[in-house]
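Please model the complete structure; the sequences and the hints are all you need to start from.
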Amino acid sequence: TRAPPRAKPPAPAAVPWGPGGAMAAETKMDVEESAPQPAVDHQDPSADVDLAAYISKYTGYTRLKRLVYIGESCPGLQGQAYRMAIDMAKSMNDTQMYTKLVSSVGSYLGEGSVTLDSSWVDETDRANASRQETLDLNLGHVKSTMVKEGIRVAYTDLGNFYYAKGDIQSALKNFLRTRDYCTTPAHTSDMCINVITASSDLGHWRHVSQYVSKGEQMEAPSPEYTSKLRAASGLTSLAEGEMKIAARRFLTVEESLGNTFSNVITLEDVATYGTLCALASLDRQELRRRLFENATFQVVLEAVPTLRALAQDFFYGRYGSCIERLHAMLPILMIDMYMRPHAVELVESIKESLALQYFSPYLSVDLRRMAAAFNQEVQDMEKVVCKLIAKDALPARIDSESKTMHRRGHDERHASVDKVMRLMDAHVRQTNTALLRLSLMQHDFVITAADDTRQGSSRDLSGAAEIEVPEDNRQDGSM
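With my numbering applied, the sequence shown corresponds to residues 250 to 728, in that order.
Just so you know, these hints were derived from the structure itself, not from any lab.
Treat the hints with care, as some may be off.
[Claimed, not checked] Straight-line distance between alpha carbons at most 20 Å, and here's what the computed EDC-like set of lysine to aspartate or glutamate pairs gives:
| hint | residue 1 | residue 2 |
| --- | --- | --- |
| 1 | 493 | 503 |
| 2 | 306 | 573 |
| 3 | 397 | 631 |
| 4 | 422 | 371 |
| 5 | 463 | 439 |
| 6 | 632 | 573 |
[Unchecked claim] Between beta-carbon pairs, the in silico distance windows are:
| hint | residue 1 | residue 2 | range |
| --- | --- | --- | --- |
| 7 | 651 | 597 | 23 to 31 Å |
| 8 | 369 | 534 | 41 to 49 Å |
| 9 | 617 | 306 | 26 to 34 Å |
| 10 | 472 | 534 | 21 to 29 Å |
| 11 | 669 | 642 | 53 to 61 Å |
| 12 | 597 | 667 | 31 to 39 Å |
| 13 | 547 | 597 | 25 to 33 Å |
| 14 | 467 | 544 | 22 to 30 Å |
| 15 | 611 | 545 | 55 to 63 Å |
| 16 | 534 | 644 | 18 to 26 Å |
| 17 | 672 | 694 | 29 to 37 Å |
| 18 | 558 | 394 | 57 to 65 Å |
| 19 | 396 | 472 | 46 to 54 Å |
| 20 | 662 | 615 | 34 to 42 Å |
Being a predicted model, the structure only gives us computed values, none of them experimental.
No residue lacks a Cβ here, since even glycine has one placed at the ideal position from N, Cα and C.
Dropping the structure here:
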């Protein structure tokens with residue numbers, strides 16, 4: 250007798266973000282400003298990604314947040330991501346997230362593989378409570394002295410303490426309180442970066458945008474500071490789906506960013522986001538100016554050599570190689586919490602841009618040869634072209650029988666006649682306006698200034714009715 254098949258363990262429930270995590274229920278921010286939500290795809294191309302190498306680029310709370318996101322959205326990496334997330338929560342002394350992760354995903358990882366370390370939780374909670382009490386006492390003391398610098402430092406220490414243990418909402422509140430105690434531009438810049446970091450972890454993009462604008466209004470203390478603001482602005486536009494704006498902001502980031510902002514975004518992320526958004530949204534002239542002729546961003550691209558090759562394939566018409574590189578990057582894009590919601594859309598937009606670029610010099614194209622150039626099946630190529638035609642992005646028609654595409658005809662004679670008629674109408678309007686002006690000057694009709702008396706203005710207006718226009722001007726329709 251064949252044994253019954255072993256039941257697959259249920260997928261773990263999504264881990265809620267509690268007060269010690271990224272999202273508190275009592276937050277006062279708008280609902281639409283929530284953290285990016287994972288979109289689970291049953292065809293998971295990310296199973297072969299080296300998760301340890303990928304996540305090592307990030308520091309701080311964003312590493313934990315990305316691990317939890319990967320565990321929720323990528324079935325192929327679920328077990329590894331949750332194990333790493335549990336270890337990360339423990340190293341951060343985030344007892345609430347550690348407890349929730351163990352209770353939520355322990356059944357999926359297997360009984361006995363992950364157990365709750367109750368003694369460590371109790372000991373860490375006591376240590377955190379003692380540290381918090383010390384910081385609160387210090388804050389009360391410096392408030393009694395009324396020294397602004399001391400109060401600012403005390404609030405900053407409290408914010409750093411809450412951020413280190415994963416209570417991002419409390420950290421943001423303390424960072425915001427330092428705003429009234431900043432006495433130098435350096436203090437204000439530090440406050441802006443702290444608020445931007447915490448707000449991005451919470452997904453409060455409107456808040457991020459507000460403090461990016463505030464930070465840009467003051468003199469930049471260093472190139473790294475400017476690059477951080479531009480990267481945060483680009484990340485905000487990307488999260489809101491504004492690809493063109495995101496591309497323009499990312500392409501202004503300098504190499505000086507380095508790993509100084511790895512608790513939010515890395516230099517490799519800037520290169521990836523900026524290049525893909527630019528290829529998908531910018532026209533050819535702007536792409537040349539902002540990407541290929543931008544010496545500053547070319548240095549940034551050196552962090553990801555495959556992106557430089559991808560951009561060159563796109564610009565120089567190596568269509569098959571470009572699409573192959575795009576599909577090779579897809580696994581990494583699908584585990585990125587900011588790119589995953591837009592990855593498929595970006596890839597499709599880049600393919601459409603390549604199709605438009607291929608067809609631009611021709612009046613007719615053989616779809617079989619076009620598909621061969623793109624390393625695609627004829628049916629897939631025809632779908633891409635049909636979508637462009639339906640959006641009025643490609644002025645062409647498809648002959649399905651012969652598998653050819655023909656550009657729609659353009660009536661040059663009709664267009665020339667329309668242009669002549671428009672020019673004639675414009676000339677008649679200008680002539681009539683000139684004749685009217687000459688007639689007013691001939692009869693000394695002048696509109697007085699606004700500060701004249703009401704009586705004088707009435708006389709001028711009444712005199713307008715007595716103007717006699719020469720007969721020849723009337724015949725020309727000047728009045």
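Worksheet item: Given the proposed pairing of residue 632 with residue 573, does the C-alpha separation stay at or below 20 Å?
Response: holds, 18 Å
Worksheet item: Is residue 397 within 20 Å of residue 631, Cα to Cα?
Response: violated, 67 Å
Worksheet item: In this structure, is the beta-carbon distance linking residue 472 and residue 534 contained in 21 to 29 Å?
Response: holds, 28 Å
Worksheet item: Does the Cβ pair residue 547, residue 597 satisfy 25 to 33 Å?
Response: Between residue 547 and residue 597, where Cβ atoms are some 27 Å apart, the hint holds.
Worksheet entry | Distance restraint evaluation - residue 651, residue 597, Cβ atoms, bounds 23 to 31 Å | holds, 26 Å
Practice prompt. Hint says 34 to 42 Å; check whether the CB-CB distance for residue 662 and residue 615 agrees.
Written response: The hint (34 to 42 Å, Cβ to Cβ) is violated, given that residue 662 and residue 615 are roughly 30 Å apart.
Worksheet item: Is it true that the CA of residue 463 sits at most 20 Å from the CA of residue 439?
Response: Answer holds: residue 463 to residue 439 is near 12 Å, not above 20 Å.
Fill in: Status of the given 22 to 30 Å range, CB of residue 544 versus CB of residue 467
holds, 27 Å
Worksheet item: In this structure, is the beta-carbon distance linking residue 597 and residue 667 contained in 31 to 39 Å?
Response: Hint holds: Cβ distance 36 Å, inside 31 to 39 Å.
Worksheet item: Does the Cβ-Cβ separation between residue 369 and residue 534 fall within 41 to 49 Å?
Response: Violated, since residue 369 and residue 534 (Cβ atoms, about 59 Å apart) do not stay within the stated range.
Item to complete: Starting from residue 493, check that the Cα of residue 503 is at most 20 Å away, please.
Response: Satisfied, since the Cα-Cα distance of roughly 19 Å is no more than 20 Å.
Worksheet item: How does the Cβ-Cβ distance of residue 396 and residue 472 compare with 46 to 54 Å: does it lie in that range?
Response: 32 Å Cβ-Cβ, so the 46 to 54 Å window is violated.
Against the hints set out earlier in the document, violations occur for numbers 2, 3, 4, 8, 9, 11, 15, 19 and 20.
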